[in-house]
Each structure stands twice: as structure tokens, then as C-alpha cells.
Amino acid sequence: MGKHLTAHRQLRFTHIYASDLQRAYMTAEELQRNQVAQWAHQHRVPEVVRLELLREQDFGSLELVPWASKRAQQAFDNAVPGQADPDFRPKEDLGSMATRAEAFLDNFIFPLFATSTDDLLNPTNPPTQDCVAVVSHGMFLSTLWQSLLRKFPAGSVSLGPNVEVGRYPQPLERLPSWSNTAFLELTIQRPASITPTNDSIPGPAFDEPGCPPALSGHHMMVHVANSREHLVGLNRARGGLGSSPFDPRQRSLLGFFNNPEGNKLGR
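Heads up, the sequence shown is in UniProt numbering, so the first residue is 1 and it goes up one at a time.
Some hints could be false.
Said to hold, decoys possible - Simulated DEER-style distance windows between Cβ atoms:
no., residue 1, residue 2, range
1, L234, P86, 45 to 51 Å
2, M139, E47, 23 to 29 Å
3, W39, M139, 44 to 50 Å
4, Q22, H43, 44 to 50 Å
5, M139, E164, 20 to 26 Å
6, L112, E229, 24 to 30 Å
7, H41, T181, 27 to 33 Å
8, C131, F88, 40 to 46 Å
By construction, these hints were calculated from the structure, which means they are not laboratory data.
Glycine residues also receive a C-beta, built at the ideal position from the N, C-alpha and C atoms.
Produce the entire structure from the sequences given, and follow the hints as far as they go.
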């Protein structure tokens, strides 16, 4: 994905933020390496900023417990503290996730708009264009999207032609789903650069009455949602994992099963 965003979509990131969980920040670091290879001779490529704020929902004592069946849950009854146990930690609720999302926007995203406003007030300086990458996890990204959407008034959000809304459109706050390694790309325009369009759609239904959105006057265009175009034509390396080379230490699928027939599959 890092190569695709850099070489094919020609994005030059000025800020790269990632969850401090391994699966997120390793993706972000790969993106940063591709940025260095492509753009280091033209501009400074930012380092990856790891943030606890961007972590996935915390499931507390139930973290890593399989939920495939009731039997699977019961198998872990003795290993996982019950709710009556003083050591039991409940899962993080949606309110806590929203608080983290708001904190991220307030401390890392909205200050960029203040800088852009200063540029507009000074005609001797050309307006800066920030390009921000946020690498996180599916459930938290959905919360972050909803928090960002709350900042826009009705009619100030548009969908690009490549956004598939399906036969039965969902509310805007439910627009993006997050498949593994998929990404959403959007642009936020400053008030002075907004050109009214007929494609604007109503804002979210949960704006607080009497509370003006933080990005009033701005316009957001969603270019792609849940995009996996970087996976088109991807071929898995034979005998390896994904596109990685074969590792002789890897066990085959049959190695996980106790088969007295010498690990032969019957028909």
C-alpha cells in the first residue's frame, strides 16, 4: 500500500501518524520508506509519529479471546477473569473511543488548519498544502470518521465518482467500512478555495443543536472509501506468506493437524 499511495496516487505526505500497535506502525513505516525513496530529493519526508490515541478498541480482559462460538468462550472461562473478579477489565466503550478520536483531531489535525489560515492572511506566502496519513485500526477508524464528520455543517460533504455507495445508501456516518489494508482518501478545502457544487450531501444527523461545527465554512470531498486498489494483480509468493519469501521454518497447514496417515489428505 505504501508503494501504491506514493508511486501511483502521487501523494506526498507532510505528516504520518500511526497507532503504536505493531500492525499499524509497521505499515506506516513501510509507507514512510516508500516516501523517502520517491520524494526525499524534493522535500523533507516526515518521520512516523506513534500515538497511543490511535490504538484499536481495548477489549480489556477479553482481549484475544475467540468469539467464534459459545463453546470457545466457555473454554476460556478459567483463563479469563469473570466480571465479578476484581481483576476483570471491561472492554473500552464507544464514549472512550470518541474521546480519543476528539483528542487526536484537536491536538494533531485542527492545528494544521490554523496554520493554513495564517497563510491566507499573508499574501506574500503561498498557501501550504498538508497531506496527512493516519494509520490505525478498523473499529477506531470508524469512530474517528464519525468524530471528523461532526465538524462539518450540512451540505459541506461531497462524494467523488469513485465512491461506491451501493444500491441502498447508508447514512453518511456509516459510509466507510474498513477491510484489511483498505484506505479512505479525502480532501478538506479551506473556505477561500471552496467552489459550491450540486453534489453536496446532507451532513450527519447527530450534530449538536446550537453548537456550530468546528470546520464551518470548510468543504470535505471523499475520493475513495474502503479502497483496495493496491491489491489488484497481487500474486502471493509460492510457499511463502503473502509476498514474503519462503521461510523453511514455516509449518504447512497440515502440520497443525494430528494425522496418523502421515499427514495425507483423503478425498
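Against the structure, the hints:
Distance hint check: the CB atoms of L234 and P86 are about 48 Å apart, consistent with the given range 45 to 51 Å. Under the hint 23 to 29 Å, the C-beta atoms of M139 and E47, about 26 Å apart, fit the expected range. Range check, W39 to M139: Cβ separation about 32 Å, and the 44 to 50 Å hint is violated. Distance hint for Q22 and H43: a CB-CB separation of about 28 Å, inconsistent with the stated range 44 to 50 Å.
Look at M139 against E164: about 21 Å separates their beta carbons, and that is inside 20 to 26 Å. In this structure the supplied range 24 to 30 Å holds for L112 paired with E229, their Cβ-Cβ distance being about 27 Å. Our hint of 27 to 33 Å for H41 and T181 holds, since their Cβ atoms are close to 28 Å apart. Evaluation of the 40 to 46 Å hint for C131 and F88 yields a pass: the beta carbon distance comes to about 43 Å.
Of the numbered hints given earlier, the model fails hints 3, 4; all others are met.
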